[in-house]
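Chains as they are written, first to last, in numbering that gives the first Met the number 0: chain W, 0 to 274; chain U, 0 to 319.
Quick caveat, the hints were computed from the structure, so don't treat them as lab data.
Do not take every clue at face value.
[As the list claims (entries may be wrong)] Straight-line distance between alpha carbons at most 30 Å, and here's what the computed DSSO-like set of lysine-lysine pairs gives: (1) U:124 x U:103; (2) W:227 x U:124; (3) W:173 x W:93; (4) U:175 x U:124; (5) W:173 x U:124; (6) U:168 x U:103; (7) U:168 x W:93; (8) U:124 x U:168.
In this text, all values refer to a predicted model and were calculated from it rather than measured experimentally.
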Amino acid sequence: MKPLRSLFLAPAAALMIVTIAVPLAIICFYSLLTRGAYGGVERPWTTENYRLLFDPLYGAIFLRSFWIAAVATALCLVLGFPLALFIARSGSRKNLYLSLVILPFWTSFLIRTYAWMFLLRDTGLINTGLQAAGLIHTPLPMLYNDGAVILGLVYGYLPFTVLPLYATLERLDKSLLEAAADLGSPPWNTLFRVMLPLCAPGIRAGAILVFVPCLGTYLTSDLLGGSKTILIGNLVQNQFTAARDWPFGAAASLTLMAVAMALLFAVRRQGEELL
Amino acid sequence: MDAILELRGVSKHFPSHRAVNGVSLEVQRGAFFSLLGPSGCGKTTMLRLIAGFETPTTGEVWLNGARIDHLPPYRRNVNTVFQSYALFPHLTVRGNVEFGLRRKGADGIEAHVERVLEQVRLTGKELRMPCDLSGGERQRVALARSLVLAPDVLLLDEPLSALDPHLRKQVRAELKDLQRRVGVTFLFVTHDQEEALSLSDRIAVMNAGVVEQVGSPQEIYQRPRTRFVASFLGTINWIDGIGVRPESTRISRERPQNGVNTRLAVVTECAFLGSVVHVAARLEGGEALVAEIPPQGPAVSPGDAVHVWWNPGDELRFSP
Numbered sequence: 000m001k002p003l004r005s006l007f008l009a010p011a012a013a014l015m016i017v018t019i020a021v022p023l024a025i026i027c028f029y030s031l032l033t034r035g036a037y038g039g040v041e042r043p044w045t046t047e048n049y050r051l052l053f054d055p056l057y058g059a060i061f062l063r064s065f066w067i068a069a070v071a072t073a074l075c076l077v078l079g080f081p082l083a084l085f086i087a088r089s090g091s092r093k094n095l096y097l098s099l100v101i102l103p104f105w106t107s108f109l110i111r112t113y114a115w116m117f118l119l120r121d122t123g124l125i126n127t128g129l130q131a132a133g134l135i136h137t138p139l140p141m142l143y144n145d146g147a148v149i150l151g152l153v154y155g156y157l158p159f160t161v162l163p164l165y166a167t168l169e170r171l172d173k174s175l176l177e178a179a180a181d182l183g184s185p186p187w188n189t190l191f192r193v194m195l196p197l198c199a200p201g202i203r204a205g206a207i208l209v210f211v212p213c214l215g216t217y218l219t220s221d222l223l224g225g226s227k228t229i230l231i232g233n234l235v236q237n238q239f240t241a242a243r244d245w246p247f248g249a250a251a252s253l254t255l256m257a258v259a260m261a262l263l264f265a266v267r268r269q270g271e272e273l274l
Numbered sequence: 000m001d002a003i004l005e006l007r008g009v010s011k012h013f014p015s016h017r018a019v020n021g022v023s024l025e026v027q028r029g030a031f032f033s034l035l036g037p038s039g040c041g042k043t044t045m046l047r048l049i050a051g052f053e054t055p056t057t058g059e060v061w062l063n064g065a066r067i068d069h070l071p072p073y074r075r076n077v078n079t080v081f082q083s084y085a086l087f088p089h090l091t092v093r094g095n096v097e098f099g100l101r102r103k104g105a106d107g108i109e110a111h112v113e114r115v116l117e118q119v120r121l122t123g124k125e126l127r128m129p130c131d132l133s134g135g136e137r138q139r140v141a142l143a144r145s146l147v148l149a150p151d152v153l154l155l156d157e158p159l160s161a162l163d164p165h166l167r168k169q170v171r172a173e174l175k176d177l178q179r180r181v182g183v184t185f186l187f188v189t190h191d192q193e194e195a196l197s198l199s200d201r202i203a204v205m206n207a208g209v210v211e212q213v214g215s216p217q218e219i220y221q222r223p224r225t226r227f228v229a230s231f232l233g234t235i236n237w238i239d240g241i242g243v244r245p246e247s248t249r250i251s252r253e254r255p256q257n258g259v260n261t262r263l264a265v266v267t268e269c270a271f272l273g274s275v276v277h278v279a280a281r282l283e284g285g286e287a288l289v290a291e292i293p294p295q296g297p298a299v300s301p302g303d304a305v306h307v308w309w310n311p312g313d314e315l316r317f318s319p
């Protein structure tokens, strides 16, 4: 059995090593070198790239990224929970609703983000519509701010909270909710005392699935946030393109990864699978 | 008599079937009242109508002199012990028992919890989680968290069916004892005739959404009003349309004396059960029957031609 198992595991293991471990090692290696004059890296070895991250300028970018990811995650959970509950209780139409939730994945995320630009910009559908209706005279500033980024993130990642929440709500023993009512608990009390605690695994899974990619996002912040909203993802991207500081970009992306991993382990409960 | 719970012409119709059909019922204060019937007879729906998980299509439910059928479950002073117990898995034994008390905002929660846990013999297990308890202990937590709220009626939905068979008899005795001590009215749903007969003060036998008969266990067993009640409680031999219980059916090799009803039969099987012998026989007409005879009587064996007889007074008759 054992040799056979190794044989079947080998291709996946090789792929993981080539596509994850090796690039990671390269990034790690680069982050400890000095930037080259025209991109690339040079000697000598240094830890300066990591020290630079403690500069208040970059600290602010990190904080802002965490803030935006946290707000987007919270909104996804608050909006996703009622939706997941509705789907879990819609009987035979469950599968239809679930496919509607994942329907947006059939189109590229890039295209969907551009679609939001067309909706939100000064000459976009919403502003021209409101102006035509005479409700506003000057366009509302809906694009190129933190709000637009959060909107784009919530829109893009909502399904990632709905699906795990749906999975836990669907398994939730209905007699527990009846028992709560039977013991004198009105619906809102049952929600907080019984339903949410029992959905904790789904809430954690949904939060991780949204928070981690939001933390590293650069497309949404680039397109919907404009030059005003620089997040860690944009910082890293910049270092490898315009700024030509590969070692600093490598250090920033490794730090982001380390923080995300640390958070993952912090919210993980003893004996519980992550996802 | 003082009825604590009263159902007046209660019906519950689901799109697919009629679960309960015009049931009227009175449950006396302090009684151990059983709803007995086969699965699908509507007894669990009745319980859910009283608890408030379903609203009746027609009819009224009265509790302690007030109409309750329009109230949500959390505003009815009845509590339920669920078939699967439905303990909150994220709360300790104490947390489960306190759940309802906290909502009520009662004083001296701790003293209440302590007393009820003592009543169900769970003292010392306050901090256990439900998953660390045995089936019997879980059932007692379910009882405790309902009883601590001092309900007017405690509803029990087949609470013994989730237990091991060997535990069931012991728990049955404990349940009866507990009911006597706390004095709360129990409405007990079961499909097990032995449970109903041994526990109840009164039994309502249900079939296909209607109550066929209400009475004491003795009345129900000895004077069943319908064929369904007669055959659902205990075994019954049907001989020419007349019902005779196995314990009233006699078997002998010799022709019995006059004044009894008798038939000729052939023994097909004998089973010695210690205190009684079950003799299965086939009448000349082909009908099978069972007789329970004392083991010290004359032995019969399969293939013997015998007389089957019974006293006319032991016959059970039903209006068609």
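A quick look at each hint next to the structure:
1. Under the criterion of a C-alpha separation no larger than 30 Å, the hint pairing residue 124 (chain U) with residue 103 (chain U) is consistent with the structure, at around 24 Å.
2. Straight-line distance between C-alpha atoms of residue 227 (chain W) and residue 124 (chain U) comes to about 59 Å, which puts the hinted pair past the 30 Å bound.
3. A C-alpha spacing of about 17 Å is found between residue 173 (chain W) and residue 93 (chain W), which places the hinted pair at or below 30 Å, so the restraint holds.
4. Annotation: proposed proximity of residue 175 (chain U) to residue 124 (chain U) holds, straight-line Cα distance about 23 Å (limit 30 Å).
5. The hinted pair formed by residue 173 (chain W) and residue 124 (chain U) meets the criterion: a straight-line CA distance of about 26 Å does not exceed 30 Å.
6. A threshold of 30 Å between alpha carbons decides the hint, and for residue 168 (chain U) with residue 103 (chain U) the separation of about 35 Å lies outside it, so the pair is violated.
7. Proposed proximity of residue 168 (chain U) and residue 93 (chain W) is contradicted: the alpha carbons are some 43 Å apart, above 30 Å.
8. At roughly 23 Å between alpha-carbon atoms, residue 124 (chain U) and residue 168 (chain U) fall within 30 Å of each other, so this suggested pair holds.
Hints 2, 6 and 7 from the earlier list are contradicted by this structure; the remaining hints agree with it.
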